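Protein sequence lines correspond, in order, to chains A and B. For the numbering used here, add 1 to where a residue sits in the first sequence, where the first one is 1. For the numbering used here, add 1 to where a residue sits in the second sequence, where the first one is 1.
No wet-lab data here; the hints were simulated from the structure. Just so we're clear, the structure is a prediction, and the values are computed from it rather than from any experiment. Just so you know, not all the hints are guaranteed correct.
Residues on chain A that point at chain B, a partial pick, calculated with CB under 10 Å [unchecked claim]:
| hint | residue |
| --- | --- |
| 1 | Ala14 |
| 2 | Gly16 |
| 3 | Glu17 |
| 4 | Gln21 |
| 5 | Met48 |
| 6 | Gly118 |
| 7 | Leu124 |
| 8 | Gln150 |
| 9 | Ala153 |
| 10 | Val170 |
| 11 | Arg190 |
Each residue gets a CB set at the ideal place from its N, CA and C atoms; glycine is no exception.
Protein chains: 2
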Amino acid sequence: MRAFPSNSAAPVAVGEYFRQKSAQVDEWLDRLLPREAEPPAEIHRAMRYSTFAGGKRLRPILAIATGEIFDADERALLPAACALEMIHTYSLIHDDLPAMDDDGLRRGRPTCHVVFGEAMAILAGDALLTQSFRTLAEPAGLGPERQLQVIAEVAQAAGTVRALIGGQVLDLQSEGKPIDGGRLDEIHRAKTGALIRCAVRVGALVGGAGERELAHLTEYGEKAGLAFQIADDVLDETSTSEQLGKTAGKDAAKNKATYAALYGIAGARERAAALCREAIEAARRASREARLLEEIARFIVERNS
Amino acid sequence: MRAFPSNSAAPVAVGEYFRQKSAQVDEWLDRLLPREAEPPAEIHRAMRYSTFAGGKRLRPILAIATGEIFDADERALLPAACALEMIHTYSLIHDDLPAMDDDGLRRGRPTCHVVFGEAMAILAGDALLTQSFRTLAEPAGLGPERQLQVIAEVAQAAGTVRALIGGQVLDLQSEGKPIDGGRLDEIHRAKTGALIRCAVRVGALVGGAGERELAHLTEYGEKAGLAFQIADDVLDETSTSEQLGKTAGKDAAKNKATYAALYGIAGARERAAALCREAIEAARRASREARLLEEIARFIVERNS
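Using the sequences plus the hints, can you model the full thing?
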């Protein structure tokens, strides 16, 4: 099941791993989402349009890489990983709505509401969130108690308290206001961090990790999640919309506080690198088999899109 | 646990049952939703504003009345019932948005986006949907396999295929178009019927109903759900906004097909009454203890708000 020996002495080819696993995630997503032809077709087209828009699949791949450390069963791991991508995609669709961030470009294409209209975009987001829990509740060969634990974990991370929706609220409320580093961390630990942390924990839970391993992996997920957001802020200022596949320079234009604005580009890069090192140390404490997680942490801060 | 002996010879006081059970549902909802003071407070205020706006609590009460037939454990039954009300409330918040039905009045108060703004209303709906699954995944003293079955049941009914979101899509697409009775049934079996059917099934599943009972109760839920929507259409034409707590005459104004328009007020009332009789027969076939479900079916078509 493991495509790459994660404890081999040779460096793990993280780029190749991402290519292989994202293809596998796409196959499973295609299987798990309603067919386009299934009526009402319009909403299924909208759900698939945003899902298959070429995302990095970071969250499902983190879940998969973590699950593979514990030789998790693919038939339980892949659906859970895909459920995380459905939630991520729903949050992007709603975040891009005119009443929210009002963005017209995402993953290199016009956003869902630009193509399908606002009403359909709201419903497509709702439907992806719902489909995520439907997927998580389907028989998966995992023990039912552990399966319930995974559902509770995902629902918590997608919720309001130190979680995805709460982070979006804090983010909206902070627009145009001067905020400090502590507050910025709080926003992004919730908005981006909670689901990334959750992805690692879901992989660990599906794989049957022990408590000690789960604690270290949770720390890995928290550090990697924050590093991801800091790297995102830097990319937002240093890259073009074409490179990013989404509107660059948006945060600065909206007068939003960012890590780049708060610490400068160099300072933000330094902090991301420090978090990346700490994430790698946590991964090492979790397992000697966690080489891929180390590589993914590096990828998170070194990527250019 | 059963407040009213449902197999007594005396008619069951359905009004009193609704008062008692909706108070109990409100207590549990209060316990299950994040506190208003919990940061970020604004979203919790918005979630609670729309949840505690004085709805009839039909869906949770249907789940409770059905569960009580089988002496379901209250600690498992009430959270599941409340999860259904969270989903119903989320669907109302999103349905009322400017991009959707654009309605300013619901349950006798200004709608969520009127009070909290569109962004917060979108997120409050998302959060109630998420909280619903979080509630369903929490330990409830139900066997984990049955609990997973309940989650799958709710996710299916809240989804797109012959379900809540799919019904909203069909409804939006039918605006201003001539449609026939078959199509109108299809819309409302999905938009309103799926969650009402689900409420009955969830109550039966939590109570441990057998397959034969579940089949009859499902039929009851389907018939009662459609009767509810037909009665709603009649009320939309014959009542004031004040009586309804929502904008009356809206469907006619938006040139939407309704049962009242298609069959006339008298014809629609007759169809609702026939469905009510069929629902009652199905409830009788399910159990001799289903007197309350019979009364609820009558209430559904005879109510005036």
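To see whether the hints hold, each was checked on the structure:
{"no.": "1", "hint": "Ala14", "result": "37 Å, violated"}
{"no.": "2", "hint": "Gly16", "result": "34 Å, violated"}
{"no.": "3", "hint": "Glu17", "result": "35 Å, violated"}
{"no.": "4", "hint": "Gln21", "result": "30 Å, violated"}
{"no.": "5", "hint": "Met48", "result": "8 Å, holds"}
{"no.": "6", "hint": "Gly118", "result": "8 Å, holds"}
{"no.": "7", "hint": "Leu124", "result": "5 Å, holds"}
{"no.": "8", "hint": "Gln150", "result": "8 Å, holds"}
{"no.": "9", "hint": "Ala153", "result": "4 Å, holds"}
{"no.": "10", "hint": "Val170", "result": "4 Å, holds"}
{"no.": "11", "hint": "Arg190", "result": "13 Å, violated"}
Checked against the numbered hints above, the structure breaks hints 1, 2, 3, 4 and 11 and satisfies the rest.
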